[in-house]
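> The lines below spell out each chain.
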Amino acid sequence: AQTVTQSQPEMSVQEAETVTLSCTYDTSENNYYLFWYKQPPSRQMILVIRQEAYKQQNATENRFSVNFQKAAKSFSLKISDSQLGDTAMYFCAFMKLGDMRFGAGTRLTVKP
Amino acid sequence: DAEITQSPRHKITETGRQVTLACHQTWNHNNMFWYRQDLGHGLRLIHYSYGVQDTNKGEVSDGYSVSRSNTEDLPLTLESAASSQTSVYFCASSDSLSGNTIYFGEGSWLTVV
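Chains A and B, in that order, give the protein sequences. Position in the first sequence (first residue = 1) + 986 = this note's numbering. Position in the second sequence (first residue = 1) + 14 = this note's numbering.
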C-alpha cells in the first residue's frame, strides 16, 4: 500500500515570507497523482495544487508551487508571500486509480 | 451548482448503537469515498466505491460498511458504534479514476459515548 509521510508536524512563517512544506511517499507505481490540500479551522478540505506524476514540469497555482522529485519520491509545497489566511493544516495526498491516501498533516501558522 | 452533502453534520450516539452517515453527491461521479480524520493521523480511508454495486475496503474498514445502490449516494454504517469511532468523517467523490477532480463534503462530527 502507498504511504505518505509529512515529517513536519508544525511550522511557522512570518507574513510575506516563503515557506516550504515537505512530503515524501512510497509507491511502486509509475503513474499516479499527488495533491496538497488545505484545511482551515472550519475543517473544509480545499484543494491547493495537483501534480500528475507523468508530467516533469512542476505545478504552480499563484503563490503555491511544488517541487516534484519523482525519483526521490518527494513532493514539497512552497508558499510564497505568505498571508495570514494561509494559516491552516496542510495535507499531502497520493492517488492511484481513485484510491487516495493522506499524510498526517503539517500545521502552518503565519505570524503577522 | 453540483455539490456533495453529508448528514447529519453532528451526531452523538451511544456505544453499541447502529449509526448511518449519509453522503449525497450531484456531480454524477463514479467514485465515492469515506474517510475518517483523527488527530495525528490525517485522513484515513474507510471504504470506497468505483460505481453502483461496487464497494471496497480501505485501510481502516473494521466496524464499518457501505453500500452503493445508485450513483449519487454512499451511506456509511457503523454496525455497533464504539468509542474508538468518535471522529470526523469526510465523504468525497471524484469524476474518474485519473483523479481529475476530487470534491469533499463538509464533514460529519460523530461522538460515541
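Read the hints as simulated data drawn from the structure, not as lab findings. It cannot be assumed that every hint is accurate.
Simulated DEER-style distance windows between Cβ atoms [claimed, not checked]: (1) B:D52 with A:N1048: 45 to 55 Å; (2) B:T27 with A:N1053: 40 to 50 Å; (3) A:E1001 with B:V127: 35 to 45 Å; (4) A:P1027 with B:T40: 25 to 35 Å.
The calculated lysine to any residue pairs, modelled on SDA-like cross-linking and capped at a C-alpha distance of 25 Å, are [said to hold, decoys possible]: (5) B:K71 with A:N1016; (6) B:K71 with A:K1041; (7) A:K1082 with B:K25; (8) B:K25 with B:E93; (9) A:K1082 with B:E73; (10) A:K1059 with B:G72; (11) A:K1041 with A:Q992; (12) B:K25 with A:P1027; (13) A:K1082 with B:H55; (14) A:K1082 with B:E17; (15) B:K71 with A:D1085; (16) A:K1082 with B:S81; (17) A:K1082 with B:D109; (18) A:K1082 with B:T85; (19) A:K1082 with B:D76; (20) A:K1082 with B:S94; (21) A:K1082 with B:S75; (22) A:K1082 with B:Q51; (23) B:K71 with A:T1013; (24) B:K71 with A:T991; (25) A:K1082 with B:D87; (26) A:K1059 with A:P1027; (27) B:K71 with A:Y1018; (28) B:K71 with A:S1014; (29) A:K1059 with B:R58; (30) A:K1082 with B:G72; (31) A:K1082 with B:R82; (32) B:K71 with B:T34; (33) A:K1082 with B:E93; (34) A:K1041 with B:Y117; (35) A:K1082 with B:P89; (36) A:K1082 with B:N84; (37) A:K1082 with B:N42; (38) A:K1082 with B:T69; (39) A:K1082 with B:T125.
Quick caveat, the model's predicted, so the values are computed rather than measured. Here a beta-carbon is modelled for each residue, glycine too, at the ideal position from N, C-alpha and C.
> All hints are to be evaluated individually against the structure, with a verdict given for each.
Structure-based check of each hint:
no., hint, verdict
1, B:D52 with A:N1048: 45 to 55 Å, "31 Å, violated"
2, B:T27 with A:N1053: 40 to 50 Å, "44 Å, holds"
3, A:E1001 with B:V127: 35 to 45 Å, "42 Å, holds"
4, A:P1027 with B:T40: 25 to 35 Å, "27 Å, holds"
5, B:K71 with A:N1016, "23 Å, holds"
6, B:K71 with A:K1041, "30 Å, violated"
7, A:K1082 with B:K25, "32 Å, violated"
8, B:K25 with B:E93, "15 Å, holds"
9, A:K1082 with B:E73, "15 Å, holds"
10, A:K1059 with B:G72, "23 Å, holds"
11, A:K1041 with A:Q992, "22 Å, holds"
12, B:K25 with A:P1027, "19 Å, holds"
13, A:K1082 with B:H55, "20 Å, holds"
14, A:K1082 with B:E17, "23 Å, holds"
15, B:K71 with A:D1085, "10 Å, holds"
16, A:K1082 with B:S81, "22 Å, holds"
17, A:K1082 with B:D109, "13 Å, holds"
18, A:K1082 with B:T85, "21 Å, holds"
19, A:K1082 with B:D76, "22 Å, holds"
20, A:K1082 with B:S94, "31 Å, violated"
21, A:K1082 with B:S75, "19 Å, holds"
22, A:K1082 with B:Q51, "20 Å, holds"
23, B:K71 with A:T1013, "19 Å, holds"
24, B:K71 with A:T991, "22 Å, holds"
25, A:K1082 with B:D87, "22 Å, holds"
26, A:K1059 with A:P1027, "29 Å, violated"
27, B:K71 with A:Y1018, "20 Å, holds"
28, B:K71 with A:S1014, "20 Å, holds"
29, A:K1059 with B:R58, "20 Å, holds"
30, A:K1082 with B:G72, "13 Å, holds"
31, A:K1082 with B:R82, "21 Å, holds"
32, B:K71 with B:T34, "17 Å, holds"
33, A:K1082 with B:E93, "29 Å, violated"
34, A:K1041 with B:Y117, "23 Å, holds"
35, A:K1082 with B:P89, "23 Å, holds"
36, A:K1082 with B:N84, "23 Å, holds"
37, A:K1082 with B:N42, "20 Å, holds"
38, A:K1082 with B:T69, "16 Å, holds"
39, A:K1082 with B:T125, "31 Å, violated"
Violated hints, listed in ascending order, are 1, 6, 7, 20, 26, 33, 39; each of the other numbered hints is respected by the structure.
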